[in-house]
Amino acid sequence: MPEGHSIHRLARQFTSVFSGQRLEVSSPQGRFSAGAAQLNGHILTSATAHGKQLFLGFDNDLLLRIHLGLYGAFDFGGDSSFLGASSIGAPRKVGEREIASDDDGAAYAGPPAPRGAVRVRLVAEHGWADLRGPTSCEVITEAERAAVVARLGPDPLQPDADAAEFAARLRRRASPVGLLLMNQEVLAGVGNVYRAEVLFRQALSPWRLGRDIREEEAKALWVDIVSVMNDGVAQGRIITTLPEHRDNGAEPVPREEAHYVYQRPSLPCRRCGTAIAGTEMGARKLYWCPKCQAR
DNA sequence: GGAAAATGATTAT
DNA sequence: TAATCCTTTTCCG
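The first sequence begins at 1 in full-length UniProt numbering and counts up one residue at a time.
No wet-lab data here; the hints were simulated from the structure.
Hints are supplied without guarantee of correctness; some may be wrong.
Straight-line alpha carbon distances no greater than 25 Å define the calculated SDA-like cross-link-like pairs of lysine to any residue that follow [as the list claims (entries may be wrong)]:
#  : residue 1 : residue 2
1  : Lys219    : Pro254
2  : Lys219    : Ser205
3  : Lys219    : Gly249
4  : Lys285    : Thr15
5  : Lys285    : Pro254
6  : Lys219    : Asn183
7  : Lys291    : Val228
8  : Lys219    : Trp207
9  : Lys285    : Glu251
10 : Lys285    : Asp162
11 : Lys285    : Ala164
12 : Lys285    : Leu242
13 : Lys291    : Val233
14 : Lys285    : Pro265
15 : Lys291    : Ala277
16 : Lys285    : Met182
17 : Lys285    : Gly249
18 : Lys285    : Leu179
19 : Lys291    : Thr274
20 : Lys285    : Arg237
21 : Lys291    : Asn230
22 : Lys219    : Arg151
23 : Lys291    : Gln184
24 : Lys291    : Ile239
25 : Lys291    : Ala258
26 : Lys219    : Pro265
27 : Lys291    : Gln263
28 : Lys219    : Arg171
29 : Lys285    : Arg173
30 : Lys219    : Pro112
31 : Lys219    : Gln184
32 : Lys285    : Ala250
33 : Lys291    : Glu280
34 : Lys291    : Trp207
35 : Lys285    : Pro159
36 : Lys291    : Met182
37 : Lys219    : Asp247
38 : Lys285    : Val233
39 : Lys291    : Pro268
Being a predicted model, the structure only gives us computed values, none of them experimental.
Using the sequences provided together with the hints, build the complete structure.
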């Protein structure tokens, strides 16, 4: 999935390639036909993200709210002004790249026939975007957008996000920090990869209770999350390992060297050599180093 | 050709 | 905790 960094990349992508343009909106799959009709022919005026929520605003004061869920993804195509991302969302290829390389150099001749289950297709003059498999895709009002955001914790990718607010929300609760990092009311945008990786980087046991985490530890955790997620936005990939913990200086960083613990059960810890452990927490797979993260 | 897994979250029991 | 939703890719027979 698409953790917060992917959603912010999408907001940026929509702003740069579609903002200010009149869009043809349709639902080739048919499941979003009514919503598409409300937006069809309108101009995109904004594209913003909060945590894993994406909001596309139109000139009739309606917004499209999208949540990609576990495997939703956008595909993009068009002429050279669309240069860059051709796919953002759930990984579509081995290698975990969110950005696929441009395939052909042929002139742009409009969007291709929809392939598979395309919930929404957005078409502008110079390019198009297809959305598949989202958990949520609905037309809402500005008031409804505000209500959605009000229920979420601070988003580490918002420049003005408040570290103290995160610390307060974390330290108020009795649950394990491994669960709290996935709770979007505590902070918005962290998912299963970042939770495991950041806990390792901060040498925190996933079972430490929120209320037992010291203020400075919470602040340090936040600073690291901000840093690592901004890297994710910049690179279009989640890479959390430091160069000194990789085998060589290969670029781009190979998939198997991008993480400390995520999806590395029974492999040696990059820092201490202990076998990485795996279990389930919050109905999701959790990975950690029993030695580095003893407490 | 079918099952399982995947960066998620809500609702029901 | 378990069931449910949404779709594609990967792996196994």
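How the hints compare with the structure:
1. Lys219 to Pro254: 31 Å, violated
2. Lys219 to Ser205: 16 Å, holds
3. Lys219 to Gly249: Not OK: Lys219 and Gly249 at ~31 Å, beyond 25 Å, violated.
4. Lys285 to Thr15: 34 Å, violated
5. Lys285 to Pro254: 22 Å, holds
6. Lys219 to Asn183: Judged against 25 Å, a Cα distance of about 17 Å means the pair holds.
7. Lys291 to Val228: 23 Å, holds
8. Lys219 to Trp207: It holds: about 18 Å lies between the C-alpha atoms, which stays within 25 Å.
9. Lys285 to Glu251: Measuring from Cα to Cα gives roughly 28 Å; hence the hint is violated.
10. Lys285 to Asp162: The given pair, whose Cα atoms are some 29 Å apart, is violated under the 25 Å limit.
11. Lys285 to Ala164: This hinted pair is violated, its Cα atoms lying about 29 Å apart.
12. Lys285 to Leu242: Holds. Lys285 to Leu242 sits at ~23 Å (cutoff 25 Å).
13. Lys291 to Val233: 30 Å, violated
14. Lys285 to Pro265: 10 Å, holds
15. Lys291 to Ala277: Judged against 25 Å, a Cα distance of about 10 Å means the pair holds.
16. Lys285 to Met182: Given that 25 Å is the threshold and the Cα spacing comes to 12 Å, the pair holds.
17. Lys285 to Gly249: Since the Cα atoms of Lys285 and Gly249 sit roughly 29 Å apart, the hinted pair is violated (cutoff 25 Å).
18. Lys285 to Leu179: With a Cα-Cα distance of about 11 Å, the restraint between Lys285 and Leu179 holds, given a limit of 25 Å.
19. Lys291 to Thr274: 7 Å, holds
20. Lys285 to Arg237: 20 Å, holds
21. Lys291 to Asn230: Not OK: Lys291 and Asn230 at ~28 Å, beyond 25 Å, violated.
22. Lys219 to Arg151: 22 Å, holds
23. Lys291 to Gln184: Given that 25 Å is the threshold and the Cα spacing comes to 28 Å, the pair is violated.
24. Lys291 to Ile239: Measuring from Cα to Cα gives roughly 22 Å; hence the hint holds.
25. Lys291 to Ala258: Holds, at roughly 20 Å.
26. Lys219 to Pro265: Since the Cα atoms of Lys219 and Pro265 sit roughly 29 Å apart, the hinted pair is violated (cutoff 25 Å).
27. Lys291 to Gln263: 17 Å, holds
28. Lys219 to Arg171: 11 Å, holds
29. Lys285 to Arg173: 22 Å, holds
30. Lys219 to Pro112: Violated. Lys219 to Pro112 sits at ~48 Å, over the 25 Å cutoff.
31. Lys219 to Gln184: 18 Å, holds
32. Lys285 to Ala250: Answer violated: Lys285 to Ala250 is near 28 Å, above 25 Å.
33. Lys291 to Glu280: The given pair, whose Cα atoms are some 18 Å apart, holds under the 25 Å limit.
34. Lys291 to Trp207: The given pair, whose Cα atoms are some 14 Å apart, holds under the 25 Å limit.
35. Lys285 to Pro159: 30 Å, violated
36. Lys291 to Met182: With a Cα-Cα distance of about 23 Å, the restraint between Lys291 and Met182 holds, given a limit of 25 Å.
37. Lys219 to Asp247: This hinted pair is violated, its Cα atoms lying about 31 Å apart.
38. Lys285 to Val233: Holds, at about 23 Å.
39. Lys291 to Pro268: Measuring from Cα to Cα gives roughly 11 Å; hence the hint holds.
Hints 1, 3, 4, 9, 10, 11, 13, 17, 21, 23, 26, 30, 32, 35 and 37, counting from the list given before, are not met by this structure.
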